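Same order as they appear, the protein sequences are chains A and G. For the first sequence, the working numbering gives the first residue as 1, with consecutive numbering after it. For the second sequence, the working numbering gives the first residue as 1, with consecutive numbering after it.
There could be a bad hint or two in this list.
You can't tell identical chains apart in this list, so a pair holds if it fits in one copy or across any two.
Below, computed lysine-lysine pairings styled on DSSO-like, alpha-carbon distance capped at 27 Å [what the hints assert, rightly or not]:
hint, residue 1, residue 2
1, K177, K90
2, K162, K177
3, K61, K162
4, K4, K177
5, K4, K162
6, K162, K90
7, K21, K215
8, K61, K215
9, K4, K180
10, K248, K21
11, K61, K177
12, K177, K248
13, K248, K157
14, K248, K61
15, K180, K61
Everything labelled a hint here was simulated from the structure, so no lab data went into it. Note that the coordinates shown come from a computational prediction; the quantities given were computed from them, not determined experimentally.
Spelled out, the chains give:
2 protein chains.
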Amino acid sequence: MRDKPLILITNDDGVHAEGIKELTACLRELGDLAVFAPDGPRSGMSSAITSLIPVTCTLLKEEPGLRIYSCTGTPVDCVKLAVNDVLDRKPDLVVSGINHGGNMAICVHYSGTMGAAIEGCISGIPSIGISLTDYTEGAGFGECCRFGRKLARRLLKEGLPKGTYLNLNVPNIPHVKEMKVCRQAAGRFINEYMRSENALGDPVYWLTGSFDEVKPIHPENDTLALDNGYASLVPCRIDVTDYDFMQKLHSMIQDE
Amino acid sequence: MRDKPLILITNDDGVHAEGIKELTACLRELGDLAVFAPDGPRSGMSSAITSLIPVTCTLLKEEPGLRIYSCTGTPVDCVKLAVNDVLDRKPDLVVSGINHGGNMAICVHYSGTMGAAIEGCISGIPSIGISLTDYTEGAGFGECCRFGRKLARRLLKEGLPKGTYLNLNVPNIPHVKEMKVCRQAAGRFINEYMRSENALGDPVYWLTGSFDEVKPIHPENDTLALDNGYASLVPCRIDVTDYDFMQKLHSMIQDE
């Protein structure tokens with residue numbers, strides 16, 4: 001068994017979500033699988049960690065080549081706890097997803113799916129986050145699985161540079177053209193709240209909004225590739241230092 | 001009043017934390033202040049957003065040039081709600097902190113303080129996160145305030161490039177040398193869990209750990225500057241695309 005690669009699978013929609021089940025099924029042939037995922041939805045958890053209360057995990061299922069754990073923490077907690085304490089060896093690959101909903105453009109910052117991929121990368125393991133740009137019930141994960149399996153196979157052979165992880169988004173159309181290497185689209189969400197009232201008549205705010213992309217749209221943007229029927233693949237880095245601005249910033253703080 | 005700049009102040013330790021009070025006091029002279037912060041501790045919340053339940057806010061205090069709001073959401077929710085709905089004009093600057101505890105190196109990914117700064121930046125506002133590398137009771141925020149005020153004044157005049165935000169960390173020593181422009185130190189946390197038991201005798205895991213820095217340590221690392229008695233200032237970017245790896249990745253996925 002130890003000759004087979006070990007793949008850690010997690011997500012932010014919870015261990016019972018359809019997307020992680022499909023992902024698990026489609027990666028089964030590539031190695032031993034450890035599914036270690038939140039016990040319920042943790043969408044939008046980014047790289048949040050749990051420190052003020054303890055986390056726990058439960059082994060839900062064990063069969064040859066597959067263990068499934070449920071964890072009370074965030075997606076990042078799942079990766080940390082699995083890698084640090086629960087798994088008996090270091091995973092060769094972390095795959096997070098398949099997320100119900102896209103994580104293109106700046107969503108990499110908010111996404112729990114991507115938080116888990118970032119954590120896998122920080123732990124020194126080649127890591128991918130996979131998302132389907134459709135969160136409706138009954139969305140089809142087939143094309144996601146096709147690209148996800150291809151990428152996973154590749155990464156198990158070749159790895160990734162230290163500090164680099166991948167963000168794969170797949171449009172929900174019957175025949176996705178191919179994977180296209182892209183850059184993260186720039187922009188922001190606007191009109192982000194729906195104002196409503198609670199039962200006492202006090203104002204409450206529900207998060208909503210639409211993405212307002214910076215114009216002109218760059219031809220390598222992930223959003224554009226998705227619109228054109230491709231799966232977008234953005235290589236991302238853990239080091240967020242803005243090296244280009246360091247010298248200028250040095251001058252700015254010296255002048256005063 | 002509208003001639004004065006508007007500074008949005010938030011944090012992840014909550015609106016009643018000492019660090020945000022000190023920050024508010026020290027920025028008072030620079031403009032009108034809107035403090036809009038979580039109603040309690042939200043450490044380690046990264047860029048988490050609240051979408052499954054609504055968020056609410058409460059005006060705690062209003063006096064000329066200062067409004068203080070408490071919010072049920074995360075640090076990012078605070079920035080979003082303040083900028084989208086509650087404030088009557090767009091802030092000229094977002095300052096997040098002063099965090100009780102350092103956010104150097106890869107902590108930029110986990111920190112709620114930095115999550116708020118990232119959100120300010122995404123919203124198109126010059127944004128800084130400020131942290132004191134000491135979370136003990138009675139830690140002194142004086143040097144943080146000195147550097148924070150200097151930076152805030154500078155940014156109100158000159159702004160920042162689009163998509164760039166600042167991560168300022170200050171060591172808790174009486175006389176910090178100066179601000180040094182740094183890069184984010186590479187590394188990971190190790191030995192991250194203390195295993196314990198709950199009242200039923202079941203295992204529970206408490207997050208802990210120590211930072212294991214990649215060796216050799218780069219002379220521009222933020223961790224090194226702090227160790228040497230400087231305040232570290234890392235310019236960071238919203239766009240996490242690994243541009244250097246795009247071409248290679250393109251080849252990797254074509255070959256198969």
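Please name the hints from earlier in the document that this structure breaks, with their numbers sorted from lowest to highest. 1, 2, 3, 4, 7, 8, 9, 10, 11, 14 and 15
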